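Participant: Each chain, written out:
Protein chains: 2
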Amino acid sequence: MLKLLVLLAAFTLIHASRHYSPIIAALGFSLIGFTVTDWMIPRVSSAFVKIGCFGKDLSKPGKPVIPETIGAISATVYLFIMFFYIPFLFYKYLVVLTSGGGQRDVSVMETANDHLFPHGKLSEYLSAVLCLESTVLLGIADDLFDLRWRHKFFLPAVAAIPLLVVYYVDFGVTYVLIPEFIRKLCGTSKTTVDLGALYYIYMAAMAIFCPNSINILAGVNGLEVGQSIILSAIFLINDFIYLLIGTEASKESHLFSAILIIPFLGVSLGLWKWNRWPAKVFVGDTYCYFAGMVFSVVGILGHFSKTTLLFFLPQIFNFAYSCPQLFKLVPCPRHRMPRFNEPDGLMYPSRANLVEDPPKGIMIPILKVLYKIKLIDLDLDEKTGAIKNCSNMTLINLVLVWFGPMREDKLCRTILTLQFVVGLLAVVARHMIGSLVFGHDNLHFL
Amino acid sequence: MLKLLVLLAAFTLIHASRHYSPIIAALGFSLIGFTVTDWMIPRVSSAFVKIGCFGKDLSKPGKPVIPETIGAISATVYLFIMFFYIPFLFYKYLVVLTSGGGQRDVSVMETANDHLFPHGKLSEYLSAVLCLESTVLLGIADDLFDLRWRHKFFLPAVAAIPLLVVYYVDFGVTYVLIPEFIRKLCGTSKTTVDLGALYYIYMAAMAIFCPNSINILAGVNGLEVGQSIILSAIFLINDFIYLLIGTEASKESHLFSAILIIPFLGVSLGLWKWNRWPAKVFVGDTYCYFAGMVFSVVGILGHFSKTTLLFFLPQIFNFAYSCPQLFKLVPCPRHRMPRFNEPDGLMYPSRANLVEDPPKGIMIPILKVLYKIKLIDLDLDEKTGAIKNCSNMTLINLVLVWFGPMREDKLCRTILTLQFVVGLLAVVARHMIGSLVFGHDNLHFL
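If you're matching them up, the sequences are chains C and S in order. Those letters in the first sequence? Residues 1 to 446, per full-length UniProt numbering, in order. Those letters in the second sequence? Residues 1 to 446, per full-length UniProt numbering, in order.
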């Protein structure tokens with residue numbers, strides 16, 4: 001009943017949007033996405049278990065088996081929403097008459113509706129959806145076949161091919177702005193530099209980075225979806241700043257960003273309802289790739305990829321912090337997720353044993369410095385001062401080191417709060433740094 | 001080594017195409033598609049078996065287990081080929097300068113290359129690829145979850161949503177020509193009639209028909225792929241007739257058709273190599289849906305859907321012929337594929353037992369008439385003349401009734417030959433009927 005009311009509200013919004021703005025339609029589609037995802041998940045979960053898509057929740061008493069790869073549902077719902085969204089974004093372009101056998105004779109060209117996008121952006125939009133659909137397809141392949149790390153790492157770049165190719169034929173901008181201080185340093189008056197093919201490599205790197213960085217900040221119920229929801233919120237705050245006080249030229253990009261992210265927020269909230277602590281479903285790599293790709297696409301097509309990276313600061317920190325273990329400078333156990341202590345039901349930092357498998361010599365002083373500045377927890381031998389073990393180097397364990405053991409849901413909330421605060425600071429920093437580095441910002445008032 | 005040479009040839013063709021025609025590039029991509037599919041199938045098949053995608057080949061001694069859903073490989077290879085094909089179809093459109101934060105300022109508009117498509121067709125092309133990718137996604141869901149018939153029947157219409165939506169905003173033609181005799185009958189001078197929303201229902205029906213009709217003409221090694229290859233050949237013959245002697249206006253549609261079908265032919269031939277008798281892999285519903293959708297898309301976007309249906313005559317016949325069993329007027333066993341007789345290694349028509357489960361009364365005289373005109377085989381009780389059993393009503397069994405028992409590979413070849421002959425006749429009929437019904441044809445010489 002409530003679902004029906006929500007759907008009714010959604011359709012009203014979508015209908016009303018005709019006369020106002022695609023943002024209103026986005027809200028409507030977002031509501032539909034939430035409702036459909038929320039409705040489908042409990043109905044299809046058992047089918048996922050039946051075909052072997054399930055995992056053990058190691059942080060619960062009895063390690064229950066729950067369905068995996070359920071994020072594929074949200075992603076599929078999102079894709080179909082984005083199909084139905086098209087007529088609300090792009091006006092009817094040509095009225096044509098066909099005379100059979102594939103002949104067509106253009107006769108009328110309709111006038112544009114002010115609120116909608118120019119028709120030329122349709123191929124950009126379609127390439128974005130195509131890229132996301134490819135991500136889902138490859139993500140499902142990864143979840144089904146359990147690919148090796150060195151293969152799965154590059155999957156998002158493969159999925160980004162339609163985006164990059166359409167970018168090439170449709171838009172083809174490979175210039176970037178030169179920051180003012182570099183301009184002065186080189187004594188050049190050029191404000192841009194053409195990166196050419198390098199720019200495509202840069203975009204592919206973005207497409208690899210965002211999905212993988214979400215995928216490795218995981219291991220606690222709800223964290224993959226939660227961080228994506230927070231990221232959506234940060235992106236939307238930035239978009240609305242531009243929509244309210246941005247220059248005319250920047251508005252289109254940020255409107256585009258908002259219309260991709262608002263429905264994504266809807267399907268993610270639907271998934272969150274089932275994935276949050278205590279999780280009834282796992283999201284799978286499919287969702288992490290898909291979510292990361294939404295942000296890559298928005299950053300790439302909106303031409304604000306540096307800002308996108310700024311909003312990914314917590315993920316970047318988590319990746320950089322993980323590097324010593326990922327590159328085996330410090331021993332890396334198979335799983336680095338926090339340890340569930342059944343007697344008190346709390347999560348504790350998991351630890352790497354450094355006695356059996358000592359770290360590279362160069363790392364020992366570094367670990368000790370990190371310990372001093374509270375960026376790691378060490379167990380030291382009282383007599384020799386040698387390191388017995390260290391907390392695993394992930395943001396999740398670090399939060400447990402900082403704030404002490406806590407229940408899984410509180411742990412997730414703490415990380416998400418931290419992420420949100422950092423994100424807000426990033427939005428502020430973006431516009432202050434933007435003015436400093438480039439000598440101007442693209443907001444009216446800054 | 002041979003593979004490398006083929007790839008070299010492919011790249012040469014693609015490179016050369018720059019100065020000639022997208023058809024040459026299509027040949028190159030087709031070669032690449034063939035080589036990659038052929039290379040991947042043996043390498044990934046075992047992974048499919050491991051995750052439970054396998055089936056028993058009932059028409060072989062010992063009923064060996066072989067991997068299933070391998071058509072998903074061809075389909076995925078096709079999709080990625082079509083991404084890389086884009087720059088060879090659409091010229092670079094705009095040269096733009098960006099000034100950060102998503103601002104962009106259009107500065108130059110490049111001139112068109114005569115051989116390539118106008119840029120406006122890019123969104124049409126992307127919607128076609130999006131529709132095919134959705135088909136693959138839903139096809140994989142079908143293969144994994146083994147959906148019920150009443151659900152899977154409509155899947156292709158769901159997958160066609162992106163195509164129909166983009167058709168709506170981009171092209172929006174819902175007129176059809178009125179045949180001359182109807183014009184005279186109604187005394188109207190209007191040459192077209194606007195079907196409006198009905199036209200979208202018609203297109204959705206096309207999208208449902210082609211994939212499902214390929215899916216039900218199956219049960220013999222290689223037949224799903226084989227019939228798709230023959231269909232491709234027929235479509236290409238028709239396309240080249242238009243490209244050589246068609247009116248200017250029809251050329252674009254048929255060029256579009258050819259560029260979608262030529263690479264499809266490549267990946268299908270790669271699959272055929274492994275699926276033909278004795279099959280080492282099964283193609284799965286994914287391939288049937290995907291193949292059918294390629295032809296639907298071509299027919300819909302090229303505005304020659306009636307011609308498309310004409311080329312599907314054998315599939316239409318198979319469907320119509322199956323109807324008495326599908327609608328339970330005649331008992332329908334679980335499997336209707338021909339019966340493999342191990343001692344002589346030949347295929348015999350499978351039969352439905354009409355003694356245990358007699359057909360509806362109205363069907364008895366019909367069955368006897370069909371028997372007279374050799375459209376079914378009946379076993380009659382010598383004393384009473386009652387029907388004991390009948391051959392199952394599929395085109396495959398009918399071919400066995402006509403030509404007698406034969407080995408599986410010969411059976412497949414016979415059906416494909418029949419399909420090819422009917423297809424050629426359809427091409428001829430198309431242009432003769434076209435002239436008769438509409439008072440003119442859209443070829444120059446007819």
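Note that these hints are calculated values from the structure, not bench results. Bear in mind that the values here come from a model prediction, so they are computed numbers and not experimental data. Any given hint could be a false lead.
Copies of the same chain are indistinguishable here, so a pair counts whether it falls within one copy or spans any two.
To be verified - No more than 30 Å apart at the CA atoms, straight line, and that leaves these computed lysine-lysine pairs for DSS-like:
id, residue 1, residue 2
1, Lys-251, Lys-121
2, Lys-306, Lys-360
3, Lys-383, Lys-372
4, Lys-360, Lys-60
Participant: Evaluate each hint against the coordinates.
Facilitator: Checked hints:
Taking the shortest Cα distances, Lys-251 and Lys-121 sit within 30 Å of each other both inside one copy (14 Å) and across copies (27 Å). In this homomeric assembly, Lys-306 and Lys-360 never come within 30 Å of each other (Cα to Cα): the closest approach is 34 Å inside a single copy and 72 Å across copies. Taking identical chains as interchangeable, the C-alpha atoms of Lys-383 and Lys-372 lie at most 30 Å apart only when both belong to the same chain, with a minimum of 19 Å there against 101 Å between chains. Taking CA atoms no more than 30 Å apart as the test, Lys-360 paired with Lys-60 passes in neither setting, with 35 Å inside one copy and 59 Å between copies.
Checked against the numbered hints above, the structure violates hints 2, 4; every other hint is satisfied.
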